[in-house]
Every structure is written in structure tokens, then in C-alpha cells.
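Going down the list, the sequences are from chains X, C and Y. FYI, in our numbering the residues of the first sequence are 1 to 372. FYI, in our numbering the residues of the second sequence are 1 to 171. FYI, in our numbering the residues of the third sequence are 1 to 330.
For the record, the hints were derived by calculation from the structure and aren't laboratory data. Glycine included, every Cβ here is placed at the ideal spot set by N, Cα and C. Any given hint could turn out to be false.
What the hints assert, rightly or not - Simulated crosslink set (EDC-like; lysine to aspartate or glutamate; CA at most 20 Å straight-line): (1) Y:Lys-303 to X:Asp-35; (2) Y:Lys-134 to X:Glu-37; (3) X:Lys-207 to X:Asp-194; (4) X:Lys-326 to C:Glu-46.
What the hints assert, rightly or not - Which stretches of chain X does chain C cover? Using the computed rule of at least three CB atoms under 8 Å from a CB of chain C, they are: (5) 32 to 42; (6) 49 to 57; (7) 327 to 335.
Okay, here's what each chain looks like letter by letter:
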Amino acid sequence: MTVPISPRHDETFVLNLGPQHPATHGVLRVKLTMDGEYIVKAEPVLGYIHRMHEKMAEAGTFAQFMPNTARMDYLHALAFNHGWALVVEKAAGIEVPPRAEYIRVITVELNRIHSHLLWWAANLLDLGAFTPLLYAFDDREQVIDLLERVTGSRLTYSYMRFGGVLNDIDEDFIAGTRAFLVRLRERMPVFYHDLVTSNIIFIKRVKDIGIITPEMCRRYGVTGPVARGSGINYDVRKDEPYSVYPHFDFDVPVFHECDSMARYMVRVQEMEQSMRIIEQALDALPDGPIMAKVPKMLKPEAGYYYSAVETARGLLGHRLVCNGDKNPYKLKLRSPTFSNLSLFGEVTQGMLLADALAFLGSLDLVIPEIDR
Amino acid sequence: MERYEKTRSALSPLFPSGHESEAVGTEESEADSSPQQRLPGVVVTEYSRTGSHLDVVCLPDQLMAVAGVLEDEGFFLESIAGVDWLEQGQLEIIYDFNLLGGDQCRVMVRTFVDRSEPVVPTLTGIFPAADWHERETFDFYGLHFQGHPDLTRILLPEDADYHPLLKDFMP
Amino acid sequence: METSIWHALLYLVGILAFAGLNAAYLGYCERKGAARIQRRSGPTEVGYAGLLQPLADGIKLMSKQLLVPKGVDGIIFRAAPILAMVPAITSMAVIPFSGNIQARAMELSVLLLFALAALAMFAILLGGWASGNKYALISSTRAVSQTLAYEIPMLFTVITVVLISGSLNLQDIALDQQGGFWRWNIFRIENGHFLTMWISFLIFFICTIAETNRAPFDMAEAESELVAGFMTEYGSMGFGLFMMGEYLNIVVAACLTTVLFLGGWDCPLGLIPGVWWFLIKIYILIFTFIWIRWTFPRTQIYKLLNLNWKILIPFSMVNLLITAVLIKVF
Numbered sequence: 001m002t003v004p005i006s007p008r009h010d011e012t013f014v015l016n017l018g019p020q021h022p023a024t025h026g027v028l029r030v031k032l033t034m035d036g037e038y039i040v041k042a043e044p045v046l047g048y049i050h051r052m053h054e055k056m057a058e059a060g061t062f063a064q065f066m067p068n069t070a071r072m073d074y075l076h077a078l079a080f081n082h083g084w085a086l087v088v089e090k091a092a093g094i095e096v097p098p099r100a101e102y103i104r105v106i107t108v109e110l111n112r113i114h115s116h117l118l119w120w121a122a123n124l125l126d127l128g129a130f131t132p133l134l135y136a137f138d139d140r141e142q143v144i145d146l147l148e149r150v151t152g153s154r155l156t157y158s159y160m161r162f163g164g165v166l167n168d169i170d171e172d173f174i175a176g177t178r179a180f181l182v183r184l185r186e187r188m189p190v191f192y193h194d195l196v197t198s199n200i201i202f203i204k205r206v207k208d209i210g211i212i213t214p215e216m217c218r219r220y221g222v223t224g225p226v227a228r229g230s231g232i233n234y235d236v237r238k239d240e241p242y243s244v245y246p247h248f249d250f251d252v253p254v255f256h257e258c259d260s261m262a263r264y265m266v267r268v269q270e271m272e273q274s275m276r277i278i279e280q281a282l283d284a285l286p287d288g289p290i291m292a293k294v295p296k297m298l299k300p301e302a303g304y305y306y307s308a309v310e311t312a313r314g315l316l317g318h319r320l321v322c323n324g325d326k327n328p329y330k331l332k333l334r335s336p337t338f339s340n341l342s343l344f345g346e347v348t349q350g351m352l353l354a355d356a357l358a359f360l361g362s363l364d365l366v367i368p369e370i371d372r
Numbered sequence: 001m002e003r004y005e006k007t008r009s010a011l012s013p014l015f016p017s018g019h020e021s022e023a024v025g026t027e028e029s030e031a032d033s034s035p036q037q038r039l040p041g042v043v044v045t046e047y048s049r050t051g052s053h054l055d056v057v058c059l060p061d062q063l064m065a066v067a068g069v070l071e072d073e074g075f076f077l078e079s080i081a082g083v084d085w086l087e088q089g090q091l092e093i094i095y096d097f098n099l100l101g102g103d104q105c106r107v108m109v110r111t112f113v114d115r116s117e118p119v120v121p122t123l124t125g126i127f128p129a130a131d132w133h134e135r136e137t138f139d140f141y142g143l144h145f146q147g148h149p150d151l152t153r154i155l156l157p158e159d160a161d162y163h164p165l166l167k168d169f170m171p
Numbered sequence: 001m002e003t004s005i006w007h008a009l010l011y012l013v014g015i016l017a018f019a020g021l022n023a024a025y026l027g028y029c030e031r032k033g034a035a036r037i038q039r040r041s042g043p044t045e046v047g048y049a050g051l052l053q054p055l056a057d058g059i060k061l062m063s064k065q066l067l068v069p070k071g072v073d074g075i076i077f078r079a080a081p082i083l084a085m086v087p088a089i090t091s092m093a094v095i096p097f098s099g100n101i102q103a104r105a106m107e108l109s110v111l112l113l114f115a116l117a118a119l120a121m122f123a124i125l126l127g128g129w130a131s132g133n134k135y136a137l138i139s140s141t142r143a144v145s146q147t148l149a150y151e152i153p154m155l156f157t158v159i160t161v162v163l164i165s166g167s168l169n170l171q172d173i174a175l176d177q178q179g180g181f182w183r184w185n186i187f188r189i190e191n192g193h194f195l196t197m198w199i200s201f202l203i204f205f206i207c208t209i210a211e212t213n214r215a216p217f218d219m220a221e222a223e224s225e226l227v228a229g230f231m232t233e234y235g236s237m238g239f240g241l242f243m244m245g246e247y248l249n250i251v252v253a254a255c256l257t258t259v260l261f262l263g264g265w266d267c268p269l270g271l272i273p274g275v276w277w278f279l280i281k282i283y284i285l286i287f288t289f290i291w292i293r294w295t296f297p298r299t300q301i302y303k304l305l306n307l308n309w310k311i312l313i314p315f316s317m318v319n320l321l322i323t324a325v326l327i328k329v330f
């Protein structure tokens, strides 16, 4: 049992976790003040992969920023594509043809499954189980192959265009996606639930670890699966519907335990919901163009624009300020894990090092997205 | 009553001078390249066009009061963005507030300060989320958030002596 | 017992060869086993089915610089990897591989083995301490608290075996179990010992996993928490020796389990006993070690210690009591 204790003496030491450490999955550094194996104080230190995307946005045109979006959250790059396309379409008043909207939803949801699979693998790796990583990578490979067919790239997609998408999907892609869904549904109970979800060591490692109360979520602006694991029923796809999400029948998994197990269950069930969305979208895929008629050079009206999308990690907001020029005057990216990580210090106080790392894994961090 | 109506009526006592506009539509959200055009007040904006329901412009002194009202209404702080209006010699700070589920209501709170004296009060006492967002804005714009517990560089190196998102920043 | 110089030399070479081969090829078996469990093929390039991979690894490790970072305690830092190997190889001197293959039949060989096992812990402690690295320091403190704690239930279960056999000599203990699996300590029908001995075996097996620092109890190494634990600062053959020491400890643990509980070199049906039975048994046990490692996530240090102090120790004590009563009653 983890019994939070207060330091009994001043024999604490500082442990620099990162920026190169196997459990931070990137270049996050956490400055830990430790009392033995207990954490007295934890301060995340950010910025090791900061690339000033916001300045790059101001320097180029709207379209030129599209490839940048994929380089922030490299695990759910299509959602970042989508978010940028949505805010510019909102500013420039572009209507997207229905077929393009459906293709967007299909690819974004496939990408979400990919992201959750990789999170699942990495989280288990944090807990010291190596084998699940390779099972998840097997499935993930299928998604990447599918997306490579339509987008042309495997990880850092630049697939969305203002007013549509780059390539149309073909029969092979549709058949391949359906086959993938069948395969994943078959593997899910055996490779995922029998091996891991019902494993006693796993349950003991994640149950009642890293409690985030709903009130804390609100104070720190936590969104996404982390908030939904704390009993907050908030999903941008449902609560502020964008694109064609209202056309689909899907549930938002919410768990009230507030611990790492709840966050795990939320993500695992979200994969199932994403599969449902993809199936419905494939069934109802309309015919038609995949691009709207859009002027070569976009010059949106001056004004303030905001759009939010649900990425695999939470709410991604784009705050766009235009002054009628061909460049964005200001773009602020509100990335979900930047806020999700900010409560790390408060939650890990008095925690064991091993538990804190298991908790860090359950937050599902992608460092380039935090640092932007 | 729509949630944004409720929020607006909660906010309106803070702006007694009657600058709030009843108009719903584009001519108020048009904004403009000259940010000074709007006087403090609450304006209802068209959600489908701008992405937010309410556009609140306030003075830096009123910021704490506005945030306090929004906290009571159950909002959370989503992001803080700075904007450098070089020609007008002003810095703008945009706070985006949102609700975690339930009703839909996005509130954009804006305030302006002089570029020569960029000081605004901190919201960390009300929303802990503001901590990192304010540090980021300080990082990029040199905005000083008065009362912030640890206003240091967050994304840039500790020893950086520049604020890269200022429009007159030359690398 | 013959005591000519040739006898001693033969055993020295034989044990070193056995230890070296095991240390090298258990790494290979582990990689192949892990690969099978993970649905991939593992090493295939070097030699037939990758069989020369350990050789290639060895050459690579030996050709690398033995880096001694600034600020470490040089002597202890260099000595620790050697210390990891020595107790494991020494232990093999008293292990009876079969009725007539045993280097030295000591009267108190069980005691000697546990003394050496306790020494192996010092390699981790000293290596971690001398590295001057905080991860290594945490790792070595973990290793000590874990090893010390798990020795208690381990010794309690060994006492049950010693009570049954009435000897501290491994050879006598093995000879006592000859004649079919119903005479092995784990299934011993005589006096109804099978009622308690399978629990003893289970406790002993869990303890050996913990004592050898294997997953899911690899607290000292815990690569997602402590980078590489006590090995963080070691490269080249320093690291190689630690790895080999770890595998040798597993071999010794498997040998000990076989002798104490599985009848040593006895055939399950009591037909033709021989060293091959011994080898089959230890490799089945080692495979189980590998199987467990690649299936389970890691536990956490305090949960591990709680398992020991709150479950294993009380159970092993009660088990000892019942065994003693059974011997007295029948």
C-alpha cells in the first residue's frame, strides 16, 4: 500500500528524471525531491523539444502551416491536421463537401486507435511488461499501413486541406479497414484483456494510484481520457460537435474511480467506440467531391476565431487572430497534455517513485505536443 | 435560459457603464485590426462563426473580478494567448474559458496593456491552470503577471533574454 | 573420495565450462524464448538460427572500453562485477549433478549455498554504491532490502526439507528422494508430506525469483524506473559480468530447487536415474523463469516486501510447524 508520508528529516535528495529517461517517452525532465523512495516534490521542466511552432505559423501562409501540425502530436497527427483545417475553414467561411468530412472522420478515428494502441504499449512498458508492446505494435502496424495508402506518410501526416482532403479513399482501403476492425476485435479479448486487464499484478499497480478528483480536473483544465477517468463526461466530439460527428451513434466511456485503472479503461473502451464510428462512416460514405472550391491564397476576414477538436489526449484548441492578411496574425495552440501535465506536481506528492512513473504513463504524454 | 445568457448576466454588473451590446451577429465580432475599437463590456458573438459565445473585453484591473465570476459559474481556464499589436503599441491577452461538459459556453476574455508597461494581475490564485499558461505567455511576450508565484521561463532556456513572439523580435 | 590433483582440475574445468556455456547460452535462450512469446523470431543472423549470437555479443562487449566515470570509487567499481560471478560459480562445487558427479560432497553444503547467495547481494550493493549514481543507489538499497527479506521464508522452507531428510548435505537430500516421483519432496506420500511440501515448493520458487532479481520482482533493475539500476554506469564487460552472474544465479537456483524438491537426478518413474534427468529438470525450471518474466508486469517494491512479510513468512512458518508435527506424529 502506498502510504503518503511527510519527510521525517531533511535527508532529501534531488533526482533528475530525464530529459533522457526510459519512462518519460521523450525529452521531459522532472526534478524530483526525494525522501528515500518517496517523492517530496516534483517539478516538471519543459521545453527540451520546443520549436516555436506559433512563430512559424505567423511567418508563413495558412497552408504552409499544415505540415507543422503533424509534428506536434506525432501519435494523433490527423487530429491536429483536422483542428487546423477547422479553424481556418471557420475563419475563411469554407464549406467542406460531405464525402471529405466522412473521410476525415474515418482517418482521424483510425489514427486515434493507433494512438491508444501505442499508449497502451508504452504504459505497459512503464509497468515493466515488455510483451504487450509487441502485440500492440503488431496491430498498430496495420493502421499505419492503411493510413499510408491514403495519406502517403506513416506518422507525420499532412493530409487535410482547407475545404477537403488530399486523396480520395479507394475500395482497397475500405476493405482493408473493415478487415482490420475484424482483426482487432478478435485480438482484443485475448491479447489485451486476458493478458493485461485481468492480470493481478497489473491491477495492483494501477488501482487507486494517481487519484485526480473532478474538481482538480476543472482547476487545472484537464480534458480528454484523463478527465473522463475522473468521472467528467466531456468529449468535444459530443459536447461541441464538429465535422460530421453528430451523424454517428457512439458512447463516451466515463469512469468514476479517478485512478490510473479508470484512465486505462477509458482508453481501451474508446478504441471500441472509434471502431463503431469508423464502421458507421464506412457504411454511410457519401459520393461526391473531396475538395471544395477554395481560392489559392486565403485571406480570412480580420477577427478572433477559436476551434476545438478532441484528440486522443484531450481538447486541442486553436486560437486564431487574423488581421485580413495572408498570414495568421497570431496562432495559439492549446495542447491538451500541457494542461494535463500541470497537475503532476500536486498529485505525486508523497507518492512512491515507481507509482509516480506508472501515473505519468497513464497521463499519456507526447512531449513535442507539450513543448510545441 | 441559455447558459451564455446566464453567464452574461452574471458578468454584466462588472461593466456598469452600459457598453454591452445587445446585437448578436457579425458586426460586433468583426473585430478589427485596431483592437482599441471596443470599450470594456460583454458582447454575444456568433458561435458558429467565431467559436466562442461571449466576447468580454475588460481592463486589467477587472480581470480578477471577471475570473472570479467565471470560477463561480463553474468554468475552467482553457488557455491564455498573447497578441502583439505593434502598430497600436499594445499587448493583448486572451483568456479562453470553457465548461467541462453539460451546457455549451465558451467565453473569450480580452484585456489590453501598454507594450511599454506590460503588467497584468495573475489568475493563479483562482485557477491553478493559469500557472503554466502565464509562464508561457511571459516566455513569449515578456508579459509580467503580477503576483505569480514562480514567473520563470518554461519553454525557452532559463537564460534566454528575448521574447520571440513580439512582432519586433529579430532573431 | 578420490582426492588426486586431476580430479580437482577436471571438476574445475568442467564447472567453468558448464558455467560459461550457461551464462552465454541462457542469454540466447532468453532472447529466443522472449521472441517466441512475442510472436517474432529473435536472433537469426549469426550462425545457424543465430546460434553464434552469444559469441558475437561477447566479442563486442570485450572489445569495448571499460569506462570508469569520474567520481566513482575505482576499486570497488571494478571489483563488483567480478564479485557477481564468484559466488555463483563457487556454489556449483557442492551441487550434486548426479550420484557420482559432484566436486565436493560437503556435510553442510546447504548452509554454504545460502552463505554464498547472501554474498551475491554484495555485488549489487557495492556496484550500485560505488557508481555514485542516484539510480544505482536506490537500486542497491532495494536489492538489499529485498534479498534480506526473502531469505527468511526461503530458509524456513529449506528447514522443512532438512527435517524430512535429516541432513544438511545436498547429496543425502537427493539420495533420500530416489525411486520415483512419489518419493520426491514435493509429492512425498510418506507421512503425508505432500500436504505441506507443495506449499513449501511454491514459496521457495517465489523466493528464488526474488533472490535472483528476476521479473516480476526485478526491483533492482526496473528499467522503466531506475534506467538500469545498479548497472547504469557499467559498460562493456563490467555489464557483461553482471549479466552472466545473473544467469548463473538462475542456474544455481534451479539446481537447488531440483535437489531440494524434485528428486535431483531421479527419474520420475524410478527407472534409470542419471545426470540427464537433472539437466532436464533445471532447464524446465529455467524456462519457467523466462516464461514468467515475459508475461507479467513488474510489481512495486513495497508490494513486494508486503507479499514477503505479510504472506510468505507467516505461511512458511506455519508450514514448518505442520511438517514438524507430521514427522513427530507418524
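Each hint tested on the structure:
| no. | hint | in the structure |
| --- | --- | --- |
| 1 | Y:Lys-303 to X:Asp-35 | 18 Å, holds |
| 2 | Y:Lys-134 to X:Glu-37 | 11 Å, holds |
| 3 | X:Lys-207 to X:Asp-194 | 17 Å, holds |
| 4 | X:Lys-326 to C:Glu-46 | 23 Å, violated |
| 5 | 32 to 42 | violated (count 0) |
| 6 | 49 to 57 | holds (count 4) |
| 7 | 327 to 335 | holds (count 4) |
Violated hints, listed in ascending order, are 4, 5; each of the other numbered hints is respected by the structure.
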